[in-house]
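As you go down the protein sequences, you meet chains A and B in turn.
Be aware that the first sequence starts at 20, since it is given in my numbering, and climbs by one per residue.
Be aware that the second sequence starts at 20, since it is given in my numbering, and climbs by one per residue.
Read the hints as simulated data drawn from the structure, not as lab findings.
On a predicted model such as this, the values are computed, not experimentally measured, just so you know.
Each residue gets a CB set at the ideal place from its N, CA and C atoms; glycine is no exception.
Fair warning: there could be bad hints in the mix.
Stated by the list, open to error - Now the stretches of chain B that chain A is said to cover, found in silico as 3 or more residues with beta-carbon under 8 Å:
| no. | segment |
| --- | --- |
| 1 | 67 to 78 |
| 2 | 87 to 95 |
| 3 | 100 to 109 |
What the hints assert, rightly or not - Restraint ranges, calculated between C-beta atoms of paired labels, are given here:
| no. | chain 1 | residue 1 | chain 2 | residue 2 | range |
| --- | --- | --- | --- | --- | --- |
| 4 | A | Ala56 | B | Gln212 | 50 to 60 Å |
| 5 | B | Asn142 | A | Arg199 | 19 to 29 Å |
| 6 | A | Asn189 | B | Glu211 | 50 to 60 Å |
| 7 | A | Lys152 | B | Leu218 | 22 to 32 Å |
Protein chains: 2
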Amino acid sequence: MPNYRLSYFKIRGRAETARYIFAYSGIKYEENTIDIADWPNLKNSLIFKQIPVLNVDNIIINQSSAIARYLARETGLAGKSNLEQARVDAIVDTINDFMNMFPWTEKNQVVKQKIMEDVFANNIPLLLDGLSKLLGDQMWFVGDSVTWADFHWAVCSITLTNLNVDTLHNHPTLLALKERVEALPKIAAWIEQRPKTPL
Amino acid sequence: MPNYRLSYFKIRGRAETARYIFAYSGIKYEENTIDIADWPNLKNSLIFKQIPVLNVDNIIINQSSAIARYLARETGLAGKSNLEQARVDAIVDTINDFMNMFPWTEKNQVVKQKIMEDVFANNIPLLLDGLSKLLGDQMWFVGDSVTWADFHWAVCSITLTNLNVDTLHNHPTLLALKERVEALPKIAAWIEQRPKTPL
Ligand SMILES: [Mg+2]
Ligand SMILES: [Mg+2]
Numbered sequence: 020m021p022n023y024r025l026s027y028f029k030i031r032g033r034a035e036t037a038r039y040i041f042a043y044s045g046i047k048y049e050e051n052t053i054d055i056a057d058w059p060n061l062k063n064s065l066i067f068k069q070i071p072v073l074n075v076d077n078i079i080i081n082q083s084s085a086i087a088r089y090l091a092r093e094t095g096l097a098g099k100s101n102l103e104q105a106r107v108d109a110i111v112d113t114i115n116d117f118m119n120m121f122p123w124t125e126k127n128q129v130v131k132q133k134i135m136e137d138v139f140a141n142n143i144p145l146l147l148d149g150l151s152k153l154l155g156d157q158m159w160f161v162g163d164s165v166t167w168a169d170f171h172w173a174v175c176s177i178t179l180t181n182l183n184v185d186t187l188h189n190h191p192t193l194l195a196l197k198e199r200v201e202a203l204p205k206i207a208a209w210i211e212q213r214p215k216t217p218l
Numbered sequence: 020m021p022n023y024r025l026s027y028f029k030i031r032g033r034a035e036t037a038r039y040i041f042a043y044s045g046i047k048y049e050e051n052t053i054d055i056a057d058w059p060n061l062k063n064s065l066i067f068k069q070i071p072v073l074n075v076d077n078i079i080i081n082q083s084s085a086i087a088r089y090l091a092r093e094t095g096l097a098g099k100s101n102l103e104q105a106r107v108d109a110i111v112d113t114i115n116d117f118m119n120m121f122p123w124t125e126k127n128q129v130v131k132q133k134i135m136e137d138v139f140a141n142n143i144p145l146l147l148d149g150l151s152k153l154l155g156d157q158m159w160f161v162g163d164s165v166t167w168a169d170f171h172w173a174v175c176s177i178t179l180t181n182l183n184v185d186t187l188h189n190h191p192t193l194l195a196l197k198e199r200v201e202a203l204p205k206i207a208a209w210i211e212q213r214p215k216t217p218l
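Let's have the full structure, built from the sequences with the hints guiding it.
Below you can see the structure in the form of structure tokens.
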């Protein structure tokens, strides 16, 4: 087993899906928590100036989805066939496309609030309707067992619900999927122990 | 071999990396060219209202990266180990992050031009410097043979160079990589026969 070190801020953010995979699979890793004060220095040292990065025996993997997909493949959470993996990947990228519509770095709070409301009114319903259709009456998004697409949905839906408490009101099956992930004993244990942060 | 049908507009855009994989591997597929006039109808029928989609024996894969990664895995272009695959995936996502900074759908041409220039001045250099470092003096981005990350770079750098002819001026190794991909005989043959379009 390689040595894993995950570098990120003390928030769920773009690292939490990887943390769910570590938790679920029981793989040990070092959490390298980046203080905001240390970020400028670390940033300078990183080839693309971004975190999270995963250090795997001194090879650095950047990009949150690449990190999570790698860990998912290591641990049997990526999908059971190439086609299942493609369906998993597409769900993750679709969720990310929508999460990236939010103006996370907008400084003007009035503008930010306006765009947030706009995304919830005009875009998020399309995501939720689509994901509901994909899920149908299945337990998990793809195949007959949990994949990192389910984890990613569980993680992102926390943020969606924090931003707008009514988000899942009309999508009970998506809420139930989130709760199914969070009830997996090792995920539940991780949620219990993780830092409580707004993002 | 499954039946493949790739649905997209008659542009390189987000489907061209998949087309390079088809061309390089010699896998037959049906190109389902979407006329703008037919798009509203097709759009209505699609779960996430987006193309490209790849139909694989009547299973629909959405998201351009999920499609290309699936085809790359089918054809040995995804990276030779899980860790190589992660490095390939990270390069693709990084290129996409930067390509997504361009205001592709902005209607106001003055605003569009201003943001384009801004991205070229402030963001693209970081991408190019990072990719140059990753490439170093290797033939290909990852491992000792071509992967779809090289194809994706070759495809996206056409658009970058069309937007700004000086893009690769200070990055001869990245230009050489693009040319190396384009000189692969099956890629060269595809480039020769493909529709000539601005995007
Ligand atoms: Mg990213
Ligand atoms: Mg996409």
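Among all the numbered hints in the text so far, which are the ones the structure does not match? Violated hint: only 5; rest satisfied.
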